[in-house]
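J.: In order, the protein sequence lines correspond to chains A and B.
Each residue of the first sequence is one higher than the last, beginning at 1 in our numbering.
Each residue of the second sequence is one higher than the last, beginning at 242 in our numbering.
Keep in mind that a hint or two might mislead.
[Stated by the list, open to error] DSSO-like cross-link-like pairs, simulated, lysine-lysine; straight-line CA separation at most 27 Å:
1. B:Lys-385 to A:Lys-206
2. B:Lys-290 to B:Lys-268
3. B:Lys-298 to A:Lys-229
4. B:Lys-425 to A:Lys-144
5. B:Lys-441 to A:Lys-99
6. A:Lys-67 to A:Lys-99
In case anyone wonders, no lab produced these hints; they're calculated from the structure.
Protein chains: 2
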Amino acid sequence: MAKLYVVGTGPGDISKITAEALAALKKCEVIVGYTVYTDIIKKFLPNKKYVSTPMTKEKDRCLLAYKYAETENTAIICSGDAGVYGMAGLVIELKHLFKNVELTIIPGVTAALSGGALLGSPLTVDFAVISLSDLLTPYELIQKRIRCAAQGDFVICIYNPSSKKRSGYLKEACQIIMEHRGPKTVCGVVRNIGRDGEEKKILTLKELCDYQADMFTTVFIGNSATTVKEGFMVTPRGYIL
Amino acid sequence: MAKLYVVGTGPGDISKITAEALAALKKCEVIVGYTVYTDIIKKFLPNKKYVSTPMTKEKDRCLLAYKYAETENTAIICSGDAGVYGMAGLVIELKHLFKNVELTIIPGVTAALSGGALLGSPLTVDFAVISLSDLLTPYELIQKRIRCAAQGDFVICIYNPSSKKRSGYLKEACQIIMEHRGPKTVCGVVRNIGRDGEEKKILTLKELCDYQADMFTTVFIGNSATTVKEGFMVTPRGYIL
Numbered sequence: 001m002a003k004l005y006v007v008g009t010g011p012g013d014i015s016k017i018t019a020e021a022l023a024a025l026k027k028c029e030v031i032v033g034y035t036v037y038t039d040i041i042k043k044f045l046p047n048k049k050y051v052s053t054p055m056t057k058e059k060d061r062c063l064l065a066y067k068y069a070e071t072e073n074t075a076i077i078c079s080g081d082a083g084v085y086g087m088a089g090l091v092i093e094l095k096h097l098f099k100n101v102e103l104t105i106i107p108g109v110t111a112a113l114s115g116g117a118l119l120g121s122p123l124t125v126d127f128a129v130i131s132l133s134d135l136l137t138p139y140e141l142i143q144k145r146i147r148c149a150a151q152g153d154f155v156i157c158i159y160n161p162s163s164k165k166r167s168g169y170l171k172e173a174c175q176i177i178m179e180h181r182g183p184k185t186v187c188g189v190v191r192n193i194g195r196d197g198e199e200k201k202i203l204t205l206k207e208l209c210d211y212q213a214d215m216f217t218t219v220f221i222g223n224s225a226t227t228v229k230e231g232f233m234v235t236p237r238g239y240i241l
Numbered sequence: 242m243a244k245l246y247v248v249g250t251g252p253g254d255i256s257k258i259t260a261e262a263l264a265a266l267k268k269c270e271v272i273v274g275y276t277v278y279t280d281i282i283k284k285f286l287p288n289k290k291y292v293s294t295p296m297t298k299e300k301d302r303c304l305l306a307y308k309y310a311e312t313e314n315t316a317i318i319c320s321g322d323a324g325v326y327g328m329a330g331l332v333i334e335l336k337h338l339f340k341n342v343e344l345t346i347i348p349g350v351t352a353a354l355s356g357g358a359l360l361g362s363p364l365t366v367d368f369a370v371i372s373l374s375d376l377l378t379p380y381e382l383i384q385k386r387i388r389c390a391a392q393g394d395f396v397i398c399i400y401n402p403s404s405k406k407r408s409g410y411l412k413e414a415c416q417i418i419m420e421h422r423g424p425k426t427v428c429g430v431v432r433n434i435g436r437d438g439e440e441k442k443i444l445t446l447k448e449l450c451d452y453q454a455d456m457f458t459t460v461f462i463g464n465s466a467t468t469v470k471e472g473f474m475v476t477p478r479g480y481i482l
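Based on the sequences and whatever the hints tell you, model everything.
T.: This is how it looks when you write it as structure tokens:
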């Protein structure tokens with residue numbers, strides 16, 4: 001039986017891929033994914049068949065991967081983790097159409113972890129991950145989640161903080177959070193994790209309101225105990241020092 | 242200037258370590274950590290000085306690592322991610338005592354991601370990660386966070402669901418969540434991720450109430466849309482199929 005792997009390759013360059021993910025890719029004859037990500041893998045594993053598909057055609061990409069997987073070991077790759085805002089969910093939802101393909105999900109380092117490590121340790125304790133993209137989630141539900149996470153004093157990690165169509169969403173999220181946390185709450189932003197132009201910045205929640213995020217940005221909003229130490233954003237675990 | 246790396250090695254065996262983490266460990270002369278984790282690394286990198294410390298002496302472990310790092314490249318290792326309930330936070334908090342040591346945090350695959358991949362794709366969309374350990378967090382705050390996450394229809398991933406001293410906490414968490422979600426909500430548990438005795442189980446929220454978790458268990462509680470497809474736990478992203 002041929003196999004389909006859904007592989008999280010980690011952020012940016014190949015250095016954050018796991019040994020397990022790399023081993024799975026080596027076993028495959030076909031690697032399917034969005035062009036930016038297949039190009040990264042191609043440099044390291046040139047002797048594979050690479051199939052690129054446009055960004056918005058997620059279902060077509062999954063069906064194509066299954067078609068290949070019926071006869072050859074195939075991987076469908078995702079930046080970051082395979083599951084978190086990745087393709088694993090959709091691939092599983094389509095599995096019933098391809099009973100003869102064996103499916104394996106291989107995790108990877110998602111931006112919450114890689115971005116967190118760049119800033120320091122914002123996610124030491126309980127945290128919530130929320131995407132501000134309303135392509136597939138109603139905006140009212142996103143706002144409700146922001147509010148609930150703020151009420152629970154969760155550290156909040158925001159994916160997809162902005163795009164041209166929703167330039168005001170990050171500001172609105174910050175305003176909701178400021179109903180529960182002070183304007184000096186420690187926040188952090190990272191851009192282009194593991195890629196050229198990688199950058200990070202620590203700022204206050206008030207300053208974050210007016211920060212111009214883009215689709216390559218991941219945002220971290222500290223809880224009430226998050227602080228800055230020696231240039232690192234850190235949420236204390238609670239040890240007595 | 243000598244370096245101290247805080248390295249997340251991923252769950253269980255060495256296969257979920259990232260290329261970046263392995264490269265950092267290779268650069269180090271000294272590797273500090275809890276015995277179970279240093280033993281795993283020692284098999285692959287035998288020619289290092291390994292320093293093991295007991296589980297509860299976290300501050301001592303960090304200070305020891307800094308002491309070594311003053312003269313030799315040193316890594317302090319954490320299972321899973323370096324930040325998420327890991328040592329990175331505490332290491333940063335102690336950084337001011339060792340101005341001459343350069344600090345680098347290297348992320349790893351945390352149990353939410355590796356356990357999620359074993360089950361399928363529970364964390365496809367917005368999720369909250371909550372530890373039920375009340376050693377360092379007041380139990381009232383943990384319960385509040387459970388409630389807020391349930392209200393926001395977050396998928397919830399629970400770390401440290403049980404120990405001898407707090408055997409009823411998982412049941413109490415489930416009862417709070419059942420005030421907001423039905424008893425048939427799809428849940429999953431994984432044990433011993435990446436290790437001997439690895440197991441997974443999909444069950445309902447009602448069944449989870451009476452599940453006997455231990456300290457090697459990670460728990461996933463689906464949101465209102467989470468379902469089971471072909472044996473996988475999956476939270477749909479929201480694509481129209």
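J.: For every hint, state whether the structure bears it out.
T.: Here is what the structure says about each hint:
1. B:Lys-385 to A:Lys-206: holds, 26 Å
2. B:Lys-290 to B:Lys-268: With a Cα-Cα distance of about 12 Å, the restraint between Lys-290 (chain B) and Lys-268 (chain B) holds, given a limit of 27 Å.
3. B:Lys-298 to A:Lys-229: This hinted pair holds, its Cα atoms lying about 22 Å apart.
4. B:Lys-425 to A:Lys-144: holds, 23 Å
5. B:Lys-441 to A:Lys-99: The given pair, whose Cα atoms are some 21 Å apart, holds under the 27 Å limit.
6. A:Lys-67 to A:Lys-99: holds, 12 Å
The structure agrees with every numbered hint stated previously.
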